[in-house]
Amino acid sequence: MSETIQPAAGASPSRSIQWSTVLLWAALLGLLALLGWGLINTTAARPEAGEAAPAFTMEFFDGYGWEERPAADLADLKGKVVVLNFWAAWCVECRIEADLLEASWRKYRDQGVVFLGIAYADVEPNSLAYLEEFNITYPNAPDLGTTISRKYEITGVPETFFIGKDGHIADVRIGPVNESVLDGNIARLLAEGG
Amino acid sequence: MKTINYVLRFAFYVLLFLAIVWLVTPGVAQEPVTDDEVNDVAKDLYCPVCESTPLDTCPTQACADWRELIRTQLSEGQSKEEIYDYFARQYGDGVLAAPPRRGFNLVLWFFPVAAVLVGGFFFSRFLRNLRATGNSPAAVVVDEPEREAYIDRVEQELQER
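Those protein sequence lines, which keep their order, are chains S and E. The numbering of the first sequence is my numbering, which starts it at 1 and goes up by one. The numbering of the second sequence is my numbering, which starts it at 1 and goes up by one.
Since the hints were made in silico from the structure, they are not lab data. Cβ coordinates follow ideal geometry from the N, Cα and C atoms, glycine included. Take the hints with a grain of salt, since some may be wrong.
[Stated by the list, open to error] Examples of chain E residues lying across from chain S (beta carbon under 7 Å, computed):
#, residue
1, Leu-69
2, Tyr-91
3, Phe-111
4, Val-113
[Stated by the list, open to error] With a Cα cut of at most 35 Å, we get these calculated DSBU-like pairs of lysine-lysine:
#, chain 1, residue 1, chain 2, residue 2
5, E, Lys-80, E, Lys-43
6, S, Lys-151, S, Lys-107
7, E, Lys-43, S, Lys-151
8, S, Lys-165, S, Lys-107
9, S, Lys-151, E, Lys-80
10, S, Lys-78, S, Lys-107
[Unchecked claim] Covered, in the sense of this in silico footprint (three residues per stretch, anywhere, with C-beta under 8 Å from a C-beta of chain S), are these stretches of chain E:
#, stretch
11, 57–67
12, 115–124
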């Protein structure tokens, strides 16, 4: 005696269901791809010395533009030595290097060197008060949307990137810079071609 | 005498009018923004410096500056949403406790729902296929004589031990 439950008649997958399966698989893979892309973007590697400096656009504070421009791209500065400094008005250690950066800017500004200050996670009136307090005259901009600091994966402020004439990062300094670091890097990068 | 009474009455109404205007004028009669009101907005924002710390409890100077900014914005009559929009624009979406529903964030919002729906569909398909191909437990062929022979064999082996 045998008892068998037979498959229901017409239970074989129909053509429409197969198509819907394909579509669902495609949707699932698409979602996973998007998720992966997002994760890769949020965990971008920190640019190190020797690598190309990530491109960015700055919208300068009023009165702190570069060559009277209200905004500039890093690419506009190709052929110049760039000292890119991340700072904030709430940052105590930034105050240690503020006078030195301004003095160094005044020393090298006519030799093809551009200093760029990026105010990280700062409140604009406080940033402007800080710039005024230290008589800073080099180009400065807020880090709108923290896009620039995320591209450079900064660990905190102050942090300074020395970028050569070829647009590559030559040195990265975490914490306040001193005179020998500034002079040494700038002299070396000015001597290099590009 | 009558004239003096008129003047006094006129002065009284003028003063009354000025007092009412003073009371209803925003910025003069307005109460200062309290810490609780500031923290009610700040609790849904995150510190830019220390990770995973809500702005209302963060002790850093950066957060104190941000809370003051919120206080100023509230005193200007800005709504919570306007303040969150400003912070997202100025400091990035990462400062918001709840990511806004735009761009890549849409994936984060809808992925769990989509995953449950797709998973449910595939599971139902799997169950249906299982039944259709006869692999479900209910579809196992039960052959009585064969089963009885098998039980006899097992009992015999047990007795031999």
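Hint check results:
1. Leu-69: The hint holds - Leu-69(E) has a Cβ within 7 Å of chain S, the shortest such distance being about 5 Å.
2. Tyr-91: holds (6 Å)
3. Phe-111: Holds, about 6 Å.
4. Val-113: At about 11 Å, which exceeds the 7 Å cut-off, the nearest Cβ of chain S leaves the hint on Val-113(E) violated.
5. Lys-80(E) - Lys-43(E): Measuring from Cα to Cα gives roughly 11 Å; hence the hint holds.
6. Lys-151(S) - Lys-107(S): holds (29 Å)
7. Lys-43(E) - Lys-151(S): holds (27 Å)
8. Lys-165(S) - Lys-107(S): holds (18 Å)
9. Lys-151(S) - Lys-80(E): Holds, at about 29 Å.
10. Lys-78(S) - Lys-107(S): holds (20 Å)
11. 57–67: Satisfied; 6 residues make the cut.
12. 115–124: holds (count 4)
Checked against the numbered hints given earlier, this structure breaks only hint 4.
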